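Student: So the protein lines, in turn, are chains A and B. If you use my numbering, the first sequence closes out at 293, no skipped numbers anywhere. If you use my numbering, the second sequence closes out at 153, no skipped numbers anywhere.
Hint data in this document are derived by calculation from the structure and do not stem from the laboratory. Model, not experiment: these values are computed from the prediction. Don't take each hint at face value.
Said to hold, decoys possible - A few chain B residues that don't get close to chain A, going by computed Cβ distances all over 10 Å: (1) K48; (2) D51; (3) A58; (4) V66; (5) V76; (6) F80; (7) G84; (8) S85; (9) D101; (10) Q105; (11) E109; (12) L114; (13) D115.
Unchecked claim - Label pairs and their computed distance ranges (CB to CB): (14) B:T38 - A:R275: 57 to 67 Å; (15) A:N171 - B:L55: 18 to 28 Å; (16) A:L170 - B:D51: 30 to 40 Å; (17) B:D115 - A:E262: 25 to 35 Å.
Stated by the list, open to error - A few chain B residues that face chain A, going by a derived Cβ cut-off under 8 Å, partial list only: (18) Q39; (19) P67; (20) G94; (21) T97; (22) N99; (23) S103.
Even glycine gets a Cβ: it sits at the ideal position worked out from N, Cα and C.
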Amino acid sequence: MFARSSALVFSPQCGQVRNMATLKDITIRLKSIKNIQKITKSMKMVAAAKYARAERQLKPARVYGNGALALYEKAEIQAPEDKAAKHLIIGVTSDRGLCGAIHSGVAKTIKSEVNNLTGAGKEVMVVNVGDKLRGLLHRTHGKHIILNCKEVGRKPPNFGDASIIATELLNSGFEFDQGSVIFNRFRSVISYKTDQKPLFSTDTVANAETMGVYDDIDADVLRNYQEFALVNVIYLALKESSTSEQSARMTAMDSASKNASEMIDKLTLTFNRTRQAVITKELIEIISGAAAL
Amino acid sequence: MMAARFLRRALPVLRQSRSYAEAASGAPQMSFTFASPTQVFFKEANVKQVDVPTLTGAFGILPAHVPTLQVLRPGVVTVFNDDGSSAKYFVSSGSVTVNADSSVQLLAEEAVPLDQLDIAVSIMFTFTSIHIEEPICSNVGQYDQIYCEMVQI
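Please put together the full structure from these sequences, using the hints given.
Tutor: This is the structure in structure tokens:
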């Protein structure tokens, strides 16, 4: 972004010596960078406020989401290594950029997963939660996408959003056997990690060996339970992802502001030097003109 | 082979008499987690008993309950603490998991402590909860049920 603006102002031409920037050019550039710095500073403040709220809401959401996943961990449900297994990948990020490597990390993981699974001969479908993910994936993996979700990231996610996503997924009719949710797990203000949580279909869970321990389960109850668990996993992914995104945006805008202030310092020095050079030149002209008389 | 089987049957008797004392102190504690998406009420707490209303009927869960998965229906969840006190919560829907290691996860979509409910608020709550899309409670009749349950309380 900065390189582009410099090209507009300086228009360097190859093979020719660059003209000394006039005072006017430097002034224009200095003003625009100062504006950009103001914008990035305010974006950092906004992101910091949103991050504080998201982190607060993440604490109960984590307990809730881990409680939902406890069954799969305790019962050690494994998906059967079937040839004809259908896979589902749900990628969770958001619509908005300027947040570092949030979207590209998830997209990279999804791409490598899809390539692995299609290489092993399995059918994979991808659900995109967040417009940025759609942009990154639809060119190369467009035929794997079944669902795109927009308007993610403007407001903090709530349980209703997760249930809307799950309802649309279930209505789409894709009968997956197993899958995973790929999102950015929040570790700290400065770090997050792309993580996966498993999803299982009702059949996989019903046929798992350790499920025999659980008594009095009929198909209807299990189906409802599974749908609810799906919503819970999506909810956890949304919450973690939004917290990671806000903290990443905060750090990105912070470093952008720092870079901008560095550029401002350098440019101010150049401006002063140029101004002094102009004054000296005028003085020399006057003096040499007077000396000629 | 038969001798081994007899031995195996005889040994447990010995083991039982030796391990009575252990059984009393090693009673499985219930690790109880009760949360809604926005609030955590209990996190891996040791409680004595939990009464839950499920689609197949209300039942109480004690430590060492047989593992099961159930889906909640609108109703009151009662938690009995170790010191005998009890706390009641109204839940709209959700799921309960009892695992083999006696851990219980009670996940409610909406849960409110009973003392925070009053009739005027409950009417508004019922009508707003209809707008929450929920695969389980897609039946509008269930929301009438929520309302009736709340009025009863």
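Student: Quick one: which hint numbers does this structure break? Sort them smallest to largest.
Tutor: 4, 9, 10, 11 and 17
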